[in-house]
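Peer 1: Letter by letter, the chains look like this.
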Amino acid sequence: MSDATTLEVENLQTHFFTKGGVAKAVDDVSFSVGKGEIMGLVGESGSGKSVTGFSLIDLVDPPGKVVGGRIMFQGENLVDASEERMAKLRGNRIAMIFQDPMMTLNPVLRIDTQMIETVLAHEDVDRETARQRSRDALGQVGIPAAEERLKAYPHQFSGGMRQRVAIAIALLNKPDLIIADEPTTALDVTIQGQILYEAQKLCRETGTALIWITHDLAVIAGLADKISVMYAGRIVEQGAIDDVLDHPVHPYTIGLLGSVPGHNTRGHRLYQIPGMAPSLLDLPQGCTFQDRCTFASETCNQTIEITQPVPERNVRCCNPQMAGAAS
Amino acid sequence: MSPMLEIRDVSKQFVKRLDLAAKIAVKLGANAREEVVHAVDGVSIAIAEGEVLGLVGESGCGKSTLGRMVAGILPPTAGEIAYKGKAIAAKGTEEGDLAALQIQMIFQDPMSSLNPRMRVEDIIGEAAVYHKIISPKDMSSYAAEVMGRVGLDPGYARRYPHQFSGGQRQRIGIARALAVKPEFLVCDEAIAALDVSIQAQVINLFMDLRQDLNLTYLFISHDLSVVEHISDRVVIMYLGRVVEVAPTNELFDDRPNHPYTYALLNEVPRLDMRGLDYQPVSGEIPSPLDPPPGCHFHPRCPHASDRCKAERPKLREIAPGRLSACHLNDEA
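Going down the list, the protein sequences come from chains A and B. The opening position of the first sequence corresponds to residue 153 in the working numbering, with each subsequent residue numbered one higher. The opening position of the second sequence corresponds to residue 6 in the working numbering, with each subsequent residue numbered one higher.
Since the hints were derived computationally from the structure, they do not count as laboratory data. Any given hint might turn out to be false.
[As the list claims (entries may be wrong)] Here are a few chain B residues that face chain A, going by a calculated C-beta distance under 8 Å:
{"hint": "1", "residue": "E63"}
{"hint": "2", "residue": "G172"}
{"hint": "3", "residue": "S202"}
Model, not experiment: these values are computed from the prediction. From the three backbone atoms N, C-alpha and C, an ideal C-beta is built for every residue, glycine too.
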């Protein structure tokens, strides 16, 4: 592992032990994020993208459990880390931003109380320093009149402003890694643009590594350096953002990109992936996408290993579609 | 050709009345007053038969309220909505009831718009029986026929809504609307809650139904790429007012006219745009409780002048088929 790699996840497995059986929500997931790098983790509902994010900071609730793999954060394996160690890392070196900012904010405490608490929990400074740092963080995410806004309660902010406060709290201790789980999904387009702008600026200026979890391919297209596409608990395709979006080789990625309406599709039928995502409790043997795949063959029901049909690209498919990748 | 549906200068205000405590406080000299939200403020739109009109805007712009008024769920505070030349507000009259039946609505969240304790065939068939489109004994076969049309397996007719996935539930909502043989569908964020691959299936279904049944749509969405894909013409709203109307290809291929539309189109993430340097629109959407005077967009507009702060710009024709409400057009 080079010094520039902030996080390296190897063969991560998170399973949910339910009454109906074992749901492999995250199954053999590997990726790495370097300093200042933005990785998009894309998938539809139930693909395991959020559980992957939660697994990284040990926030998976029972009956879910990380059952295998390694999470190497700056050379330290977080899977083995004690609860005390994780508490030291969370909110300090690794921060998480959720879709709903009210999940992060306590509705009955003022913003300054919550922010100062976050600083003091991890560092031995006096309240005035902590307060100053909170004010700077609010300014950094573009909240005007930070000094007055510190005294406000969460309900006095609009949705976009609340998400900025949540991001400011994530920034307080200048983390090395931020995990953002659908942070702009609930926001309006112009407000989303503002948040994306702040996120991009942050990674460029401070070298923070960022994992951006979303279902929205278009957001990732403009923001990320690389992309991992998840389907039914596994990463099916992984590579540099331009390579994957312009020349996808996994049938699921191809189908997903064809489903996105936009500039070139006006008046035409959209490509539609037939059927729907399988239940995690009842996955087909071998490739989990085979029932919906137009290129499926007899080999699809065997164990599919990750291969590199194109340089710098990890693909979990036995029939990668190379037609688009040649150019 | 006269339009199929005409919205004439329609406004909707929601008033929060003073409660008893506030009334007493006012008597004692406190400075409380009724809060009025101008959800829709003097909107006029005409929709031709067979057209798909996209209605776009951010939260609080009044697009859903307008859709609900068209569907007859909410009465307008002022103005008139005419369906085939007859006002739809006249409930209880033959024409009013006919309009109410022929304009159907599809909602965003299929779970909260379907009765969880009714079987799917009852959900789909109930209205058709009530309106005597079919007789009660034909309900099962009729429901099965409509289910087939929207791509649902008729074998699931005896199931309950919770036994379906999100995309299938949305199809049930569409089937329920189609069961009374409507001519006009109001789709309020009808695909916003669905996954990308399911979204594509439902968009294709809408396009097929349009061809097969000659439907007219008012398609309400915050998602510009979906609207670009499906609409013939686009109306953009901001804080209760229409700011621009344009044919889809002119709006997306040429430069939009209104500064707000321009900003909105600029902000939309697109697959073919990589490594962007985001240049965000400054400021937030103002509260509709207390909108800014003059042009509602002036506090965020890079071209705002003194006139924009005082005078409300009129929506007027700037080219054939294109309308815009911006003072800048007067200077050019």
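Peer 1: For each hint, tell me whether it holds in the structure or not.
Peer 2: Going down the list of hints, with the structure as the test:
1. E63: holds (4 Å)
2. G172: With a minimum Cβ separation of about 6 Å from chain A (threshold 8 Å), the hint on G172/B holds.
3. S202: It holds, given that the least Cβ distance between S202/B and chain A is near 4 Å, below 8 Å.
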